[in-house]
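Peer 1: Given next are the chains, with one letter for each unit.
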Amino acid sequence: MKVSLKWLKEYVDLKLTPKELAERLTMAGMEVKTIETIGATWNNIVVGQITAINPHPNADRLKLATVDIGKGSPTVVCGAPNISVGQKVPFASVGAQLIDGHTGETILLKPAKIRGIASEGMVCSEKELGISDNHEGIMVLPPEAPLSIPLSEYLGDAILDIDVTPNRPDCLSIIGVAREIAAITGEKVHLPELHYEESETPINSFVSVNIVEPELCSRYCASLVLNLIQDRPSPDWLQQRLKNCGMRPISNIVDVTNYVMLEYGQPLHAFDYHSLKEGNGTPQIIVRRAADDEKITSLDGVARTLNPAILVIADKERPVAIAGIMGGWDTEVTKETNTVLLESANFNQATIRRGSNHLRLQNEASLRFDKGLNPNLAMPALKRATQLLLQMAGGKAARGIVDAYPGKSEPKMIAFSAYEVERLTGLKVGINKITGVLSSLGFVCQEISPSQISVSPPYWRSDIKSAADLVEEVVRIIGYDKVPVTRLGSSLPQQESMLSLGAQRSNLKKKLRNFLVGCGFQETVTYTLVSLEKLQKLSPNLELKIPPLKVANPMTREQEYLRTNLRAGLLSTFHHNQRHEPGGIRLFEIGKVFLPQHPSHPSPDKGGGGEGLLVTPVVATLSETKGKQSQGERELPWEKEMLCAVLSGPRAEMSWRGDTKPIDFFDAKGIIEALMNQLKLKTSFKPNDNDPESSSGLTQEARVNIISENEEVGIVGLLHPKVAKAFELSGEVYLIEIDLEKLLKIVHSQLPAMRYQPIQRFPNVSRDIALVVDEEIPYKKVAKIVQSFPLVTKVTLFDLYRGEQIPKGKKSFALRITYQSPERTLTDEEIDQIQQQMLDKLNLELGATLRSNNQKV
Amino acid sequence: MLEELEKLQIKALAELDKITGSRELEQWRIRYLGKKSRLNQILHSLSILPLVERRSTGARANTIKKTLEATLKEKEEILGEALLLSSLEGRRLDVTLPGQPISSGRFHPITQTLEEICQVFQNMGFQVVEGPDVEWDYYNFEALNIPQDHPARDMFATLWIDSDRDKKSRLLRTHTSPMQIRVMEQRRPPIRVVVPGRCYRYEATDATHESMFYQVEGLAVDKNITLADLKGTLFDFCRCLFGEERKVRFRCDYFPFVEPGVEVAITCLTCNGAGCRLCGYSGWIEILGAGMVHPDVLKRVDIDPEIYSGFAFGLGVERIPMLRYGIDDIRLFYGNDLRFLRQF
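Heads up: the sequence lines are chains Y and P, in that order.
Be aware that the first sequence starts at 1, since it is given in the numbering used here, and climbs by one per residue.
Be aware that the second sequence starts at 1, since it is given in the numbering used here, and climbs by one per residue.
Quick caveat, the hints were computed from the structure, so don't treat them as lab data.
Among the hints, erroneous ones may be present.
Said to hold, decoys possible - EDC-like mimics (lysine to aspartate or glutamate), calculated; alpha carbons at most 16 Å apart, straight line:
1) K247/P with E422/Y
2) K465/Y with D164/P
3) K223/P with E775/Y
4) K745/Y with E775/Y
5) K810/Y with D768/Y
6) K223/P with D768/Y
7) K167/P with E635/Y
8) K168/P with E635/Y
9) K127/Y with D161/Y
10) K167/P with E633/Y
11) K794/Y with D768/Y
12) K550/Y with D164/P
13) K510/Y with E115/P
14) K6/Y with E105/Y
15) K168/P with E633/Y
16) K810/Y with E823/Y
17) K509/Y with E286/P
18) K433/Y with E420/Y
19) K511/Y with E115/P
20) K33/Y with E286/P
Unchecked claim - So these bits of chain P aren't anywhere near chain Y, every CB distance computed over 10 Å:
21) M1
22) T57
23) A70
Because the structure is a prediction, the values reported are computed rather than measured.
Backbone N, C-alpha and C fix where the C-beta goes; we use that ideal spot for every residue, glycine too.
Can you make the complete structure from the sequences, with help from the hints?
Peer 2: In structure tokens, the structure reads:
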């Protein structure tokens, strides 16, 4: 809401500077976004009067104008077409700061000769003064403009742009803001006196009002002005005020309705009375719902199709206005209009809001109605508009006002006390002070007891409903800065156990983040919303395994679907970075994915099981099961936390010591092994042959499932070249994906089972052997046999060899086997014996042989 | 023979004194103390000597052997130490060569900021809880005093999952405030929680607007909780995050689910309150919205507003690193350019 200080001063005495005022308003809840000063730079510009105009001797188009400025009569060279003797004009003398009418640049007026004649100053256009873009001719001031006074005094103003919060539609008006200022500064508000002469003929003989939908229109007031002169612009001061508040002057009648809307906050509408269809007898204003597909052409010339959710003002034949939103084309006031029906009504806030949303038609009127105005505002605003209309356009008012008021309600009374202020704010305020503050805002306070009052809010404050609202009123006027500063003294809630799932969850995430960052991974945070295209790119066949949830009103196609995995975002990030990252990239993200259905309640009748508690974030599920609102068929998606990491490039950063080998599958696997070790979890890996969901997107040759406690918690592998290509990634990219919900469940269940093992007292013995096996024998089979023997505590593979020294189609594993007994020191004979049995078994089951005989066996 | 022994000792000790290398020392040892050394020969041939001579010669030879051995040991230690020193001298390191690189990543600046914020509130006894990103209209709006068609809905441009509009419609939460309701549905006062989380708005993105952002919600409910407590809590928070010298301003503002409502601003980090482009020449930067929990909200979750009161606040997370580090484009956070992320 743009507010002119000059205008405000008509209703309230202002002693503060614009800046101080803006600060006080802001603190009290009316945030002043900007202060625009009109005329701040108007030095050396005064009101002058043109006393003579002579032709320029050397130029046909230019004239020489003599301007009386009180202290002298300078002559200026002027080319404006609209100049004439007797006009009051803004006169700038040398040194004035103006805006160049052609270039728009700020200039300082210098003495000049134009076609040989010295110009002693300049008569300015609106553009040159910075008032508007009008550079058609000079700005002509009203005849009553006092001669020789500085223009800044006459036309200068400060415009405050106030961000009015939705609860305060009363402040979408000059009077509303004046009331606020009065309360803040302790001044009084002076309202216009509403008085005008009425003719003998009663308004009832011209029009009647029928509110068919009293729920949607709580009041409809109308006045009538006859015999007015329409073909006349409104006065300059009124036009200027409209412009200062960001509105365009149109005609005297329309300007009056807009002016009163800005002044009082009540939107009004003027009908051309004679365009209303009379039917049989006097015209009737009917407030009703639009019929299905009913048509109206609105003021802006647009044909609109309505529906019963939209309220209309109609005569007996057709709708003549969309209630509270826009008037109709047919009944608009025109140059021929001589009788005007003025409407000042109150429409249901939600109806206007829905209607203007539906029609995509927001304007100053709908903006006010959709915040909820009070019906009591309709009458004073109508009287004011009638009064002004008579002043501006002459004519006679019909006697009385039509006032259909089905929604009349009793004023509210709120019991209030000083205790309530202190209880909610900690600020001690006496009851007298409270009464003073509330009265300054227009509240009526009555004493009930020495400590209690009964408060009735003024009609324009529909937002005040409870004692808490009154507390805010009192405190904001006294000042939030007066509220003391205390630390919370209330008792602490019971603290969450470190063993709880919630604590474990954040702990787990912290550990994973720390670990991965330590392994050279950069954490990323990518968008929840992704494009369908990106999700499809994740599988070599472009299939979507899980249908993602879609946003009904996406901003862009890039952000249309809720991610069902973290891969899409991470791979896109990878792509974005690879151009400027020659040294390899390691990224990870820990975040939620959104699956349309929760596995624990596939259908609503099954309800949430214990599973649901474990896998959804702490608080989410409990209230779902509370059944406070059964949400029918719909359910919230399963928000599951995942970890995804991608890595590529050399194993180590480039350095003078070498090792520039690229990362391979075993680097990725090693990271998982270390990570799981960090979490104290036993882990194994299972080749992933065909698990359609997670494996698609990874090559079958290099991918394994991560297994812990018989649960598949994740997958690690090489990104499928087709997927890499789809994301335009170069080089081999390895991907790690872990289901945090499953991992958390395991970590949480393992916690109580953890037991300490005494340190072994007897020494261990290590033996190295090299086994030759067929190429197709996987290492895991060998290790399993070795580990199955008693006293074997550790098996380490320290070499894998293929080549000349062993037969083709074979490979050699070099193992270091560690033996240890908890009871005694082992003898060589004992170990020899075990190892012989081991070799026999390896030979029998896997066809393994020792690589050379000089190994110690 | 005794005379020979004496000469031998003098000669041996004199030679030993001149030795500087370990190889020479070994040769000396073989020459004077080895199996074939004269001293050893003498000791082995003692038996052929007459008894008297054997005793005196034997004793003398043994003493000499011990002396030589002891002196040898001394010499060895001296030489060993010299050797140790000389070995270091030979192996001069260019300590200016770079160390073996250990690659390490960093936390995303948002993670870092969230951790900091939560830590400050945890120290004040607040518990961290999280909630769903996809919410019911009921929790996001209705239960927070923003029913259908409420003008305050304009404050929250919403991304919807369902295209109908009622309280059973699903949406991407526009703020973390729905968790106020979820927490109060489950817990009874005293309540002190903070809720970090992602929020979403139907908004065209530019340097200061993102369609996705993080908030941290705070809620404290108990008997006798006041606006003054809110002030104290948030003043402490701002001091912890922005330092002692930062001024904090509480002004009246409107959010439908609090009454009285508050907007909290701090003096601009760029101009220190003098006014600059960043703060719109006001000197203040808005950092959060807050207020006393609205009595209707408390009633809705069966907490008696006549007995209990509470405060709530919602804090924009991106704002903090933006102010601290002078980041002028919010889109950098979720653009995840490594050249940006590595700076934090």
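Peer 1: Take the hints in turn and mark each one as holding or not.
Peer 2: Now for the hints, and whether the structure bears them out:
no.: 1; hint: K247/P with E422/Y; verdict: violated (25 Å)
no.: 2; hint: K465/Y with D164/P; verdict: violated (30 Å)
no.: 3; hint: K223/P with E775/Y; verdict: violated (75 Å)
no.: 4; hint: K745/Y with E775/Y; verdict: violated (39 Å)
no.: 5; hint: K810/Y with D768/Y; verdict: violated (19 Å)
no.: 6; hint: K223/P with D768/Y; verdict: violated (72 Å)
no.: 7; hint: K167/P with E635/Y; verdict: holds (13 Å)
no.: 8; hint: K168/P with E635/Y; verdict: holds (9 Å)
no.: 9; hint: K127/Y with D161/Y; verdict: violated (22 Å)
no.: 10; hint: K167/P with E633/Y; verdict: holds (13 Å)
no.: 11; hint: K794/Y with D768/Y; verdict: holds (12 Å)
no.: 12; hint: K550/Y with D164/P; verdict: holds (14 Å)
no.: 13; hint: K510/Y with E115/P; verdict: holds (10 Å)
no.: 14; hint: K6/Y with E105/Y; verdict: violated (28 Å)
no.: 15; hint: K168/P with E633/Y; verdict: holds (10 Å)
no.: 16; hint: K810/Y with E823/Y; verdict: violated (39 Å)
no.: 17; hint: K509/Y with E286/P; verdict: violated (31 Å)
no.: 18; hint: K433/Y with E420/Y; verdict: holds (14 Å)
no.: 19; hint: K511/Y with E115/P; verdict: holds (13 Å)
no.: 20; hint: K33/Y with E286/P; verdict: holds (13 Å)
no.: 21; hint: M1; verdict: holds (53 Å)
no.: 22; hint: T57; verdict: holds (51 Å)
no.: 23; hint: A70; verdict: holds (38 Å)
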